[in-house]
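Residue numbers (numbering that gives the first Met the number 0), protein chains in the order written: chain A, 0 to 268; chain B, 0 to 314; chain C, 0 to 541.
Quick caveat, the hints were computed from the structure, so don't treat them as lab data.
Incorrect hints may appear among the rest.
Label pairs and their in silico Cβ distance ranges [to be verified]:
no., chain 1, residue 1, chain 2, residue 2, range
1, A, 47, C, 362, 37 to 43 Å
2, C, 354, A, 244, 51 to 57 Å
3, B, 85, C, 177, 37 to 43 Å
4, C, 354, A, 21, 57 to 63 Å
5, A, 162, B, 95, 48 to 54 Å
6, B, 135, C, 362, 34 to 40 Å
7, C, 230, A, 263, 54 to 60 Å
8, B, 135, A, 156, 17 to 23 Å
9, A, 263, B, 85, 52 to 58 Å
10, A, 156, B, 13, 47 to 53 Å
Per the computed footprint, the stretches of chain B lying under chain C, defined by three or more beta-carbons under 8 Å from a beta-carbon of chain C, are [what the hints assert, rightly or not]:
no., stretch
11, 34 to 47
12, 262 to 271
A few chain C positions that, by computed beta-carbon distances, are all more than 12 Å from chain B [said to hold, decoys possible]:
no., residue
13, 111
14, 137
15, 186
16, 191
17, 263
18, 315
19, 328
20, 379
21, 428
22, 443
23, 450
24, 461
Don't be surprised by glycine CBs; every beta carbon is placed ideally from N, CA and C.
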Amino acid sequence: MNSRKNVTLWLGIGIVSALLLLMAVSLFYVPYGANEMNIAHRLQAPGRAHWFGTDNFGRDILSRIMEGTQTAFAVGFFSVCIGAAGGFAVGSAAGYLGKWTDELLMRAVDALMAFPGILLALIFVTIFKASLPQTVIAIGVIFIPGFARVIRGGFLQYKEADFVKAARGLGAGHGTVIFRHIVPHVLSSVIVTASLCFSTAILAEAALSYLGLGVQPPDPSWGRMLNESQSYMNKAPWFALAPGLFITATVLGFNLLGDGIRDLRDRRA
Amino acid sequence: MNLAYVTRRLATLLLTVFFVILITFFAFRIIPGNPALAILGTEATPEQIQALEAKLGTDLPLGVQFVHWLEGAVTFDFGESLRYSEPVLDLIAGRLPVTFSLALLALAITVLTAVPLGIAAARRRGKALDLLVSGLTQIGLAIPSFWSGIVLVLVFGVLLRWFSVSHYVPFAENPWLSLRSLVLPAVALAIPQIAIVVRYLRTTMLEQLHLDYVRTARSKGLKPSAVYYKHALKNALIPVVTVVGINFGEILAGSLVIEQVFTLPGLGRLLITAIGNRDYPLVQGLVLLIASIVVAVNFIVDLSYAWLNPKIRLR
Amino acid sequence: MKNPSKFAFRRLPVLLTAVLIVAVFLSACGNNNAGNGSAASPSASPSPSASASGESASPSAEASPVSDAKAGGKVVVAIPQDVDYLDPHLAVAAGTSEVLFNLFEGLLKPNDKGELYPAIAESYEISPDGLTYTFKLRDGVKFHNGSPVTSADVKYSYDRLAGKVTGTPLLASFASVDSITAPDDKTVVIKLKENNTSFLTALTSAVIPKDYKDSNKQPIGTGPFKFKEYVPGQRIVLEKNPDYYVKGVPYLDEVEFRIITDAEAAYLAFKSGEVDLYPRIGAEKLEELGDEFGKLSGPQNLVQELVLNNAKKPFDDIRVRQAVNYAIDKDEIIQGVALGQGVKVGSHLSPVLKQYYQEGLEDLYKTDVEKAKSLLAEAGYKDGLEITISVPSVYPFHVNTAQVIAQQLEKVGIKAKIESVEWAVWLDRIYKGRDYQSTVIAFDGKLNPYDILNKYLSDAPNDFFNYKNPEYDQTLKSALTEVDENKRTELYKKAQTILAKDAAAVFIQDIYDSVAFKKDLAGYKRYPIYVQDLSTVYWDKK
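Next comes chain A alone, as it looks inside the complex (with noise of 0.2 Å):
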């Protein structure tokens, strides 16, 4: 069993590793412009000058996936930022402080969950316009009260743990309890936490950019590709096979990131 998980964080970790090089990559070599049109040589299929085919522009569909790279990895890191700041916030003020504050933030982040996504991004995207810094906001929002629930529960745990109660009998102040004593127990639900929203934050992403909310064209992103390969399913399904298939490599490469390290977890504790 051991070695199964392993090969799962292996394997997590190569995937992942694998799609940071290609992003180190594009930021100094692309084999053509990512913008760069050429209507005469539109909708080809994969060769030995495309490797991975050109779309309706005749753009060159490997240079936009590898810049693509970045638009996904940026979108990915900078919501879970904002998530997890936004969570740690709410989730160990509601813990730590417990009582009607507890109560209130928790309803609040009741709400937001209940809040149909769709309805709160587009309300988000159409009130700032829609474009990339947008996009991770938004995305960011939404992710904050599934942190702030994990971040409150491993502050329920631990706050009333023997070695808490003790260093507060020593005369602990709050910032060195939380911070010393009961954030290093929570981190690790909040990496794990933190790499299944990076590969949800991929996932909304595309889907965003793939309604034309998200990014916006001409940048290169695996959603809005797969939003303009639609037309072309038939004539060009490498088209549409390059985004689809990278959005889910890059997704499940951070799911089995996840899963191996909340296993490195399980194990130890």
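Given the structure of chain A, go ahead and fit chains B and C onto it with the hints provided.
Same frame as chain A, now just chains B and C:
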């Protein structure tokens, strides 16, 4: 479980739903968009737009509109759709069966596929089958559902023509055709849910197998299959039921979108057209319904936790 | 639960998926204007259509002989939007008129060439001063409820449109009506306050039974089909009108307009055989369809433009507008986005309106990067500038066009940011609020050039271009009252030239209309206005 807790939770639930409606109401009216314009299009004169606004009542102050709406809502009168001039309740009632039958079918597919797969994976832990199942579930979780939906339509609806892709048939009209029109979207919806349930069931089964009573049963010489099906499965299924319960809410939410890919006339398409038309009463009615379902499901899940595991303190 | 976040978050991506609210094509055409006949024509021929017989009005340019073999069957038509009203006098949206065209008729009716021919009327006369119109009604025209059409019904209908009941006209073209009288059962006399050469086309507006109040629930007209059922957001079903005054028309027993807002879904439904007729399928998909389907395509009187806000920096400077015009290569757009299915234009009018079309403006700004750069430098943008192109996300065609334009502008040092907006936002903020820098949109045509060109009038409520030029206003307004046909034509041509010279916008192309249908469906006719005429369609049972 004490009654005071349940009552208090119920009160906060109502409050939650109220907040959701409040936010929907005001946020939705702040953003650009005008129902009269959306109905009449580009050819309308300013007078025509004004006349329609007056007729719809969207020219009144926001506070007044909100109070009007609340007054109605208390008596289950959610007003008339701006776009269709029909009571919101009738429109929702007309679409509800579509979404519900889709969700039920997806749930059925999920359970019927996930339970045997989960058991098989647990029984053959570490074997090829287990690895295959666990690989497949990881992929199932990673594929965007709109993507799998589109691929399913292309393969089964267009290439093979096994299933209908645009024409929804109500169950009462023709059960067989109705099923055919719902199978593909239900499968698209079920894929990630199957993955979740399989993983969950496999884990709980394995946990059960390590427990004393199973070991005892095994040492008493019971056949392995009896151990699996009579003892471990029964206990492993309890938490799975909870997961399936949550999944129902998930599936319901997911069906709102899948309906769009498959053009099923359900609540999701109604909501999305209502948003596009800025049909405020209809959006509010739908959000109220969806939020209520989600909140109610969360509530039931919380309660069932307490019921399953009395160690969780309810405060 | 082991990982609550997973359940909670999974909801989002699923929820956000797959929505395209395809809304109404830009601008409607409830009234279809043909610039037909001079104002003083003594008596219009009963059928100015190409039909040689001339003995009876033909709903299409070529009347085909009636044959029972064609009769029968049902057709499902995919339409991208719901109707706004079933009441033909209240309906404003273009998507509604394409359906109602089959239910209702006016005194006159347009055919597929864009010409007007008498429908409920049998003949008409216009007084030499252009102020009095006298109509003789056709015998044997019946409403769908069985009662014969009388002049009282016509008077009631057009009075209603002129606002004699409520005070405000329902249709702007009826504002110039002074009085409508019905001297006898078969005669209607309409008097105008002032000469209006585009008025005739307003008379294509629907005639409904006198004092009939239920038009929005159970519409009753005189058209080839009658109303059967409407399910909001799903379908409108019409059935054959057996008493239609043109014998043998229509062929079909039933027509279902199925509302499929998502273009992809509509395409799939068509390919899988559930939809028989798919209008406005788009060049991409048309190309993809094999020979097992019938196809038709051609110019449709739909002018696509890069609209520039003439009142907003930097487009308040004519040099910048001209520079953009020089920078844009229309041919590349037509090749790359429309796949060659479009025809280049140079002003706000489609070549479909042959008589009025000013030729030679298409290449007024022949693509010239250097010229564009020097104009920009002159205007003070030597180091380039940044602009935003707002596009309605429901129209991938316009979004794609914006992408090509952004590429072309980059070559002259203009960095264009593309912002896609919801249709409701486009209507409210951009069209009504005029709060934008530039946008890509297409304007669907009318039969009368005045109704197309009047958007650029300084005082037009829908002049969202913020274009203001007194010379243009004067030219167009005198065209409206000019009785002499040749002079009128010249004035319309001059108006187009002014727009082009002012670089009021970048006039790109008339996008071809493409229709796909099942191979054994015959008789479909494309119109230069936004309608679907099902009366000539039949199943070829060979």
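Q | Hints that the structure is at odds with (numbers, increasing) | A | 6, 8, 10, 17, 21, 22, 23, 24
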